[in-house]
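Build the full structure now, drawing on both the sequences and the hints.
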Amino acid sequence: MKQRLLLVLVLFTAILCCAQVPQFSSSEYDGWIYNNPNIPLEQNTIINNKIALYVVSNGLVLSLTSPAFTCQMGEYIDMEVQWITPQWQNENFLVEWVALTAALLDENGMTVDSVTCIPDPVSRTNHLNMSLTVPRSIQQARLRFVAWKSIVSNCGIIREIKATCGNRADVNGDGEVSIADINAIINVILGLDETPEMILKADVNGDGEVNIPDVNKVIEVIQS
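Just so it is clear: in the sequence shown, position 206 is 206 by the numbering used here, and no numbers are missing.
In case anyone wonders, no lab produced these hints; they're calculated from the structure.
All C-beta atoms, glycine included, are put in the ideal place defined by N, C-alpha and C.
Treat the hints with caution; some may be incorrect.
What the hints assert, rightly or not - Simulated DEER-style distance windows between Cβ atoms:
{"no.": "1", "residue 1": "E197", "residue 2": "P40", "range": "46 to 52 Å"}
{"no.": "2", "residue 1": "Q223", "residue 2": "M110", "range": "45 to 51 Å"}
{"no.": "3", "residue 1": "N38", "residue 2": "G175", "range": "41 to 47 Å"}
Claimed, not checked - Heads up, simulated DSSO-like pairs for lysine-lysine below, C-alpha to C-alpha not over 27 Å straight-line:
{"no.": "4", "residue 1": "K149", "residue 2": "K50"}
{"no.": "5", "residue 1": "K50", "residue 2": "K162"}
{"no.": "6", "residue 1": "K149", "residue 2": "K162"}
Here is the structure:
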């Protein structure tokens, strides 16, 4: 076992924990779905603030949904959303109505985590910071954005979404997947680090044990 671990240490170098979450902007929207049949999802409509989220009078809930993405090694997804509220100075404007909800959907379209954010303080252009937890059981997911209380005259508009995914293979939390993460797992295997936090993080594959398969998971990320 020790020989194999030493070989692993020699063979692999650091890689960045690259986010696999789809981004959204006027130059990145392939595969995203905006379910308003009257507004095409294209560069001009995004730039001109047409991607509004609200509940239509007929009951249709307008939403923006990402393409499916792989997230089996993710722990969390951090997002910054550029959220436009054009009616913010109107005397009838209600900030609660432009609360934006982001949801993480599993392979079957079921919500596994969600977060709601209200602009504070509100302005015409808001940058909302949101975070979602990725369950260990999830292999593929989508993001969906909805404003459940909005109406057409009091709504918010999505201009841009920047998202990053924290990786379970980044055991030491330095933002990279590297030999250092393999070393951290080895220290747990050899009993050199028995802190509960590190034991939990070193169980990369989530099987309840810290062993060679966890090292192999980190190697898979480095090779990908």
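Here's how the hints hold up against the structure:
1. Between E197 and P40 the beta carbon distance is about 48 Å. The supplied range of 46 to 52 Å therefore holds.
2. Taking 45 to 51 Å as the suggested C-beta distance range, the pair Q223 and M110 does not conform, at roughly 31 Å.
3. For the pair N38 and G175, the supplied restraint of 41 to 47 Å holds, since their beta-carbon distance comes to about 42 Å.
4. With a CA separation close to 18 Å, the supplied pair K149 and K50 stays within the 27 Å bound.
5. Proximity of K50 to K162 is assessed by CA-CA distance (about 19 Å); at most 27 Å being required, the pair is judged to hold.
6. Straight-line distance between C-alpha atoms of K149 and K162 comes to about 24 Å, which keeps the hinted pair within the 27 Å bound.
In this structure, the one hint that does not hold is number 2.
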